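**Student:** Sequence:
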Amino acid sequence: MRRTAHPPAFRRAIVRAAAAALLAAALPATVSADDAAPDSAAPAFANDVEASLVRAIVGLREGGLRHAIGEIDIALARTPNFRLGYLIKGDLLMARSGNPVAFGPPTASVNPGVAPLQDEARARLKHYLDAPPRDHLPLPMMQLSPSQSHAIMVDTARSRLFVFANRDGEPRYVTDFYISLGKNGVEKRREGDQKTPLGVYKIVSSKERLPDLYGSGAFPISYPNEWDRQHGRNGHGIWLHGTPSETYSRPPRATDGCVALTNEDLRRLARYVDVGRTPVVISAGIEWTTPERWQENRRGFLAAFEQWRADWESLDTNRYLSHYSPRFRTDGKNFASWSAQKRKVNAGKSWVKVGVSDLSVFGHPDGEDMVVVTFAQDYRSSNLTNRTVKRQYWSRDQGRWRVVFETVIS
Numbered sequence: 107m108r109r110t111a112h113p114p115a116f117r118r119a120i121v122r123a124a125a126a127a128l129l130a131a132a133l134p135a136t137v138s139a140d141d142a143a144p145d146s147a148a149p150a151f152a153n154d155v156e157a158s159l160v161r162a163i164v165g166l167r168e169g170g171l172r173h174a175i176g177e178i179d180i181a182l183a184r185t186p187n188f189r190l191g192y193l194i195k196g197d198l199l200m201a202r203s204g205n206p207v208a209f210g211p212p213t214a215s216v217n218p219g220v221a222p223l224q225d226e227a228r229a230r231l232k233h234y235l236d237a238p239p240r241d242h243l244p245l246p247m248m249q250l251s252p253s254q255s256h257a258i259m260v261d262t263a264r265s266r267l268f269v270f271a272n273r274d275g276e277p278r279y280v281t282d283f284y285i286s287l288g289k290n291g292v293e294k295r296r297e298g299d300q301k302t303p304l305g306v307y308k309i310v311s312s313k314e315r316l317p318d319l320y321g322s323g324a325f326p327i328s329y330p331n332e333w334d335r336q337h338g339r340n341g342h343g344i345w346l347h348g349t350p351s352e353t354y355s356r357p358p359r360a361t362d363g364c365v366a367l368t369n370e371d372l373r374r375l376a377r378y379v380d381v382g383r384t385p386v387v388i389s390a391g392i393e394w395t396t397p398e399r400w401q402e403n404r405r406g407f408l409a410a411f412e413q414w415r416a417d418w419e420s421l422d423t424n425r426y427l428s429h430y431s432p433r434f435r436t437d438g439k440n441f442a443s444w445s446a447q448k449r450k451v452n453a454g455k456s457w458v459k460v461g462v463s464d465l466s467v468f469g470h471p472d473g474e475d476m477v478v479v480t481f482a483q484d485y486r487s488s489n490l491t492n493r494t495v496k497r498q499y500w501s502r503d504q505g506r507w508r509v510v511f512e513t514v515i516s
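Its first residue numbered 107, the sequence shown is counted upward by one per residue in this note's numbering.
Hints in this document: simulated from the structure, not taken from any laboratory. What you are looking at is a predicted structure, and each value in this text was computed from that prediction instead of being measured. Where hints are given, some of them may not hold.
[Stated by the list, open to error] Quick list of simulated restraints, FRET-style, between CB atoms:
| no. | residue 1 | residue 2 | range |
| --- | --- | --- | --- |
| 1 | Y192 | V310 | 35 to 43 Å |
| 2 | Y192 | G165 | 44 to 52 Å |
| 3 | D318 | K289 | 16 to 24 Å |
| 4 | R405 | V310 | 29 to 37 Å |
| 5 | R240 | D437 | 42 to 50 Å |
| 6 | L490 | A157 | 55 to 63 Å |
| 7 | K439 | V460 | 19 to 27 Å |
| 8 | G165 | P252 | 43 to 51 Å |
| 9 | S456 | K289 | 57 to 65 Å |
Every residue gets a Cβ at the ideal spot worked out from N, C-alpha and C, and that includes glycine.
Please construct the entire structure, taking both the sequences and the accompanying hints into account.
**Tutor:** So this is what it looks like as structure tokens:
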């Protein structure tokens, strides 16, 4: 059968339509290529592969198909097992030949194998097209302790892991990586639910020589922690780990609850990990704010914390107990039984001194107004001296910060 030769203008129209379909499928629903953040505001690319992917799709309208295919070829030359890259290249080649693209906009009839790759493209692009201003700070990261050289924040809504350096207790952005999360989303509650937990954790160990599923290595985190156990959450084995050798990256929801990075990105992340000290905050969304508002929020809480310490030293038990919520719990005691014990203990003291050091403060994803405070406590009194590491969970109750849970962790 003889093939029909379409006129050049008709072929160009098909190419433009195919390019538009590819862009519509890849770009986040709330962001268009025309609305993309300017280069001066967008974050630096996490790696060369992601840079080529973003430049190919976002630059498709301006640079054309040849430019886009060239960028995808660069990505595939570096990572021959990048499934998303091959799918986009196939669509670009089909568009150049005047055929409909397979990627297409999301519809109910989308190939089940294509839909997760569409999600990956959107997640990667959204980070660059809808980025927070460079001078903004993460509101939940209120205070890093001197022992924490770096901190990790996972934004599950963006499928992104951020690394921050500690600059005199304040977070300073270092880098970020695309990640995959649990197949069933977030808010892990039980063993086998294939969800990623939300909370404040730390990296507890480093693993190598693992089955291929975990890629080049893993960093287990401290799930379930004391807050999870207090709320009946169970399960184990939540890791930051790599990807299998046959694929470069996985879709946004593809793990059994862990946080997965490409093997290349995991090796880069390892530079910033200090086992036993590096905190990992996993949140359903990070609120970024101006340095001025960040400082105001931080000062407000630290003032409440300092007043708690001073009121303990005052031996005015009523003032001290006013810093604790009626729903307070600790080591199996409720507020009534614990406060009765405190009154009895304080009655036998003539003086108390409470020293605080190595203080860290992080917003907790369980509540918009909840923070986790960890610190070394140097307690001295007229009849007792000890040094412990304590963790407290504070919540804003009727406009005032109060402790809702407290425990000694070492």
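**Student:** Next, verify each hint and record whether it holds.
**Tutor:** Structure-based check of each hint:
Taking 35 to 43 Å as the suggested C-beta distance range, the pair Y192 and V310 conforms, at roughly 37 Å. Distance hint check: the CB atoms of Y192 and G165 are about 19 Å apart, inconsistent with the given range 44 to 52 Å. The hinted range of 16 to 24 Å is satisfied by D318 and K289, whose Cβ atoms lie roughly 19 Å apart. The supplied range of 29 to 37 Å is met by R405 and V310, whose beta-carbon atoms lie about 32 Å from each other.
Taken as a hint, the range 42 to 50 Å holds for the pair R240 and D437, whose Cβ atoms sit roughly 44 Å apart. Between L490 and A157 the beta carbons are some 59 Å apart, a value that agrees with the proposed interval 55 to 63 Å. A hinted range of 19 to 27 Å holds for the C-beta pair K439 and V460, which are about 20 Å apart. For G165 and P252, the Cβ-Cβ distance of about 44 Å falls inside the hinted range of 43 to 51 Å, so the restraint holds.
Evaluation of the 57 to 65 Å hint for S456 and K289 yields a pass: the beta carbon distance comes to about 59 Å.
Hint 2 from the list above is the single one not met by this structure.
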